[in-house]
Amino acid sequence: MAQKKFVVGCFDEEKVLFPAVKQVRAAGYKIKDVYTPFAVHGLDHALGMRETSLHTAGFIYGITGTATAVSAISWIFTKDWPLNIGGKPHFALPAWIPIIFELTVLFAAVGMVMTFCWLCQLAPGVKKHHFHKRATDDLFVMVIECTEKTNAEDLVALLKSNGAVETDIQIAEEGWWFGTYDKNDDLYNNKQVAL
Amino acid sequence: MHIKYESQLREPLVYGEKNFHQVTEDILRPIEVKPSRLWYIGFFIAVTLLLFGVYSLYREVTYGVGQWNLNKTIGWGWDITNFVWWVGIGHAGTLISAVLLLFRQGWRTGVNRAAEAMTIFAVMCAGQFPIFHMGRVWLAFFIMPYPNSRGPLWVNFNSPLLWDVFAISTYFTVSLLFWYSGLLPDLATVRDRAFTKLRKKLYGIASFGWTGSTKHWQRHESLSLVLAGLSTPLVLSVHTIVSFDFATSVIPGWHTTIFPPYFVAGAIFSGFAMVQSLLLVVRKVFGLTDYITIGHIDLMNKVIVLTGSIVGIAYLTELFMGWYSQNKYEGYTFWYSRAYLFSPYGWSYWGMMACNVLSPQIFWSRKMRRNVFVTFFMSIIVNIGMWFERFVIIVTSLYRDYLPSSWSVYYSPSIWEIGFYMGTFGLFFTCFFLFAKYFPVIAVAEIKYVLKRSGESYKPEFEKLEAQTLDSFVHDNAHAH
Numbered sequence: 001m002a003q004k005k006f007v008v009g010c011f012d013e014e015k016v017l018f019p020a021v022k023q024v025r026a027a028g029y030k031i032k033d034v035y036t037p038f039a040v041h042g043l044d045h046a047l048g049m050r051e052t053s054l055h056t057a058g059f060i061y062g063i064t065g066t067a068t069a070v071s072a073i074s075w076i077f078t079k080d081w082p083l084n085i086g087g088k089p090h091f092a093l094p095a096w097i098p099i100i101f102e103l104t105v106l107f108a109a110v111g112m113v114m115t116f117c118w119l120c121q122l123a124p125g126v127k128k129h130h131f132h133k134r135a136t137d138d139l140f141v142m143v144i145e146c147t148e149k150t151n152a153e154d155l156v157a158l159l160k161s162n163g164a165v166e167t168d169i170q171i172a173e174e175g176w177w178f179g180t181y182d183k184n185d186d187l188y189n190n191k192q193v194a195l
Numbered sequence: 001m002h003i004k005y006e007s008q009l010r011e012p013l014v015y016g017e018k019n020f021h022q023v024t025e026d027i028l029r030p031i032e033v034k035p036s037r038l039w040y041i042g043f044f045i046a047v048t049l050l051l052f053g054v055y056s057l058y059r060e061v062t063y064g065v066g067q068w069n070l071n072k073t074i075g076w077g078w079d080i081t082n083f084v085w086w087v088g089i090g091h092a093g094t095l096i097s098a099v100l101l102l103f104r105q106g107w108r109t110g111v112n113r114a115a116e117a118m119t120i121f122a123v124m125c126a127g128q129f130p131i132f133h134m135g136r137v138w139l140a141f142f143i144m145p146y147p148n149s150r151g152p153l154w155v156n157f158n159s160p161l162l163w164d165v166f167a168i169s170t171y172f173t174v175s176l177l178f179w180y181s182g183l184l185p186d187l188a189t190v191r192d193r194a195f196t197k198l199r200k201k202l203y204g205i206a207s208f209g210w211t212g213s214t215k216h217w218q219r220h221e222s223l224s225l226v227l228a229g230l231s232t233p234l235v236l237s238v239h240t241i242v243s244f245d246f247a248t249s250v251i252p253g254w255h256t257t258i259f260p261p262y263f264v265a266g267a268i269f270s271g272f273a274m275v276q277s278l279l280l281v282v283r284k285v286f287g288l289t290d291y292i293t294i295g296h297i298d299l300m301n302k303v304i305v306l307t308g309s310i311v312g313i314a315y316l317t318e319l320f321m322g323w324y325s326q327n328k329y330e331g332y333t334f335w336y337s338r339a340y341l342f343s344p345y346g347w348s349y350w351g352m353m354a355c356n357v358l359s360p361q362i363f364w365s366r367k368m369r370r371n372v373f374v375t376f377f378m379s380i381i382v383n384i385g386m387w388f389e390r391f392v393i394i395v396t397s398l399y400r401d402y403l404p405s406s407w408s409v410y411y412s413p414s415i416w417e418i419g420f421y422m423g424t425f426g427l428f429f430t431c432f433f434l435f436a437k438y439f440p441v442i443a444v445a446e447i448k449y450v451l452k453r454s455g456e457s458y459k460p461e462f463e464k465l466e467a468q469t470l471d472s473f474v475h476d477n478a479h480a481h
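Chains X and A, in that order, are what the protein sequence lines are. The numbering used here numbers the first residue of the first sequence as 1 and each following residue consecutively. The numbering used here numbers the first residue of the second sequence as 1 and each following residue consecutively.
Calculated from the structure, these hints are not laboratory results.
Some, not all, of what chain A presents toward chain X, calculated at C-beta under 7 Å:
1) F208
2) G209
3) T214
Backbone N, C-alpha and C fix where the C-beta goes; we use that ideal spot for every residue, glycine too.
Chain A on its own, in the form it takes in the complex:
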């Protein structure tokens, strides 16, 4: 049974007097006009960063991992920190589209397309780090199990690092399929509005010849639902497996059973923050404030305060266990290396605490949740905080080993390590700028689907419905499904 009605009490998902055609016009306008000067400036900066990253990697590939300031104690430094950071960010998109689809949350329609794109670009960035961390990157294909002439020598299927290879590549593939299959109808809309032959041809190729046939829509719905059902455990599994990279080791500070839920919450936290940063700019620049409304921002901020608090509880639990376990090494890692402000990396721990746990608490206030500037500022803070979290986990656990003789000197990254990181920013934003220019940033078809139920100008009609008796309401509005 399916009721085409939403209570008046709910905020509309689409503001303004809209009909289907207006929705198409509004969302597709940005990709049908020449990009603004701002777009060119942004794109130029992104490409510059990307080129710097490429040069940094050229140094690393040519001269070896010695170009980075890693040493025998801190074998994982900025590279793996950045890997986990980007992968974490890459969790919001699929979470928004998949989990919220399963929970039938109508508000996902405004933000899912851009968030999924962001996911794909973030995972692309993340993947670079472990690949180049291998050193001899030209042998990277050794991580795939295939019959080879070396024995055949297989990969170790019991190793969390190999699980990661499968998890990340599966996640990337499934996210890409999910995103692109959702894009097909919208690309067809762009194709059918094309004003040049070239556009018609290119969008024709990109839209796979989509017609909008009812049978195709029926299969499309089934496909989306099953992909959402598959993606939901997948999202959870990916960051769980990333956390296994640490949790299955015996390093104090890593060997922790709460890592999986703690990492997943952190991933959602940072992912939503990145979605906020991007969408707050997109909605303003593209004039999409009617579709990505304050209501959407409010809801995402609620997710941020929830997941931020979960992460906070995890930090405190770890600290408690560091004492309660009475394990000297754990105690040293948690209470000295991390929580003691004047230890070498104490600043990063307290930076993380301030950014991730304390500052998001501001979002308990509805006024703050609905303030665009506060949200934008907080989204940046959260992402900085989540970077610190990964840095804290990796570096503070490693830099003082069991043996004082192998204690590390103070680790700070080399310019090529920083350059690599900057380069992934370049990659991410280059992709995002191109996406925003050539693809609809909002799912047009899905907005049309919720328009007549949740659009501002359609809501008053529901007054009549609300006055009806239950029986006549059900009779008029529900049909067997």
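Bound-form chain X, shown alone:
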């Protein structure tokens, strides 16, 4: 993936962050992301992100679980090996409800967590660029990607005037995929990267 230049502005208050997001967006910059130490409700909307569809995926996984349980048990008990249990019907749906329910939950939960990890590209051993160490502690870190037209100094000034406590210009990879991040270890070795 390509390495790019980013302008980073750090805020220490939610109260300051929200108007700043508004101002930066109004000035025509595209905010790549805001890294926060906890879930700031409403920030996704302020950044103009669409709602996540993760719950829809969860629903689909859930009904997959239901279908798996119903079809597997009914095939086993009516076709593959019809077992006579006290002369009761082979197709004993009420008695299968517990397992059907458990498999629904299991499929939905496992599927959603795996999808979550996939979408966010989270996995053990993954390396990512961290724009600021305190983003997981007490700072809200706004990151704006520079294009050819961007004047980084102007942008830094804009962030400062909107209450950023720290600003910085960094070079990082814009996106990454498992095993592709910083392939030549340029960033890791602090090499000057030509843009």
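Start from chain X and add chain A according to the hints.
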């Protein structure tokens, strides 16, 4: 619509002058310093117990279930008692995180992480009992339905014992996922504060490369909410299914329709008691009294008195039905085997009544609910009482069969049965000690989320808000969601 405001009347959830950084410092300090001597002593005791348990199991696996004092009448004894006991304890964690999340209870943030960990360890302990009860434990995989060369001979999907296999394994998996996905941001916080290369590497692996991106948080919130929605019926279903192990049989004393709600209430009851026992120690030893406050203890004690009373009503209902049904066998089980103090196991019934029904009533008093020592003592009493409950249900129903010729001799456990139980204590506390040493015991990110709304030092700001008119208040503080 979402309002970032909480009434002044409510107790703060976080005490003291805190900012976000202070929260990180406070909660992560215990895992960044060398453990105290107390930790080593505790850990050593836990590992010793665990090893004793391993040896007891070695005896059981080598020589067979005959190492236990079970007999043909009392086929389920300490093993299944302990299984139900541990599973019950394993219900509080997910209940706290899931149900309280759905009900938007802010106080869960102080206790959920440790309670979820406790849940996972308790379910791990519980699972050992039915597995080793099978006798030939090396064939334990026969309980899973898979195409096999024996026919294929399938498991019986109509059997509550198989439902249990699915329920417990699903519950364990979902609890683990819920717990770990919640831990990711906090582990990232530990990673970014790492002071050695090794810590950075290990916590880097453990935190999956979490960055705190807004999009990730948005998905994380969605994931937590849906997992909570799934876990809530799951929690209820698991102990319901455990109760089906008994209720679907025809043994007097087990064949009872109130078992599901009664078991679920009992599970919450014992689970909260165990959470209290652990957290009262953790908050003191780790200096987290600002986060796990007296207010939290008070609220959990309210849950204990509620569920304890529900359990009490269930006991009385059973007793009433034992008489009202006019069924001789039921009457004998409930009124002789259990409620008659001088019957062989009458002591266990009255022990259960005293511990579970009478003693928690002390928590109607606010003063007692907020007393740390009373709470700790009561949490132990409740857990003893809940162990008695399972023992009463299992043993008093079994030991006198329909035929007097198959009446059991007095059942008391062998040293290897006791050793197995002790071993699960060892497993539980070994895991908990390691958890407390290497993982943040409080959800750091979630505390930060409630800090500015419910923190003590932020509450005075709300005075101004409370003086506002409704319209201007809503205009300033709510945003469309």
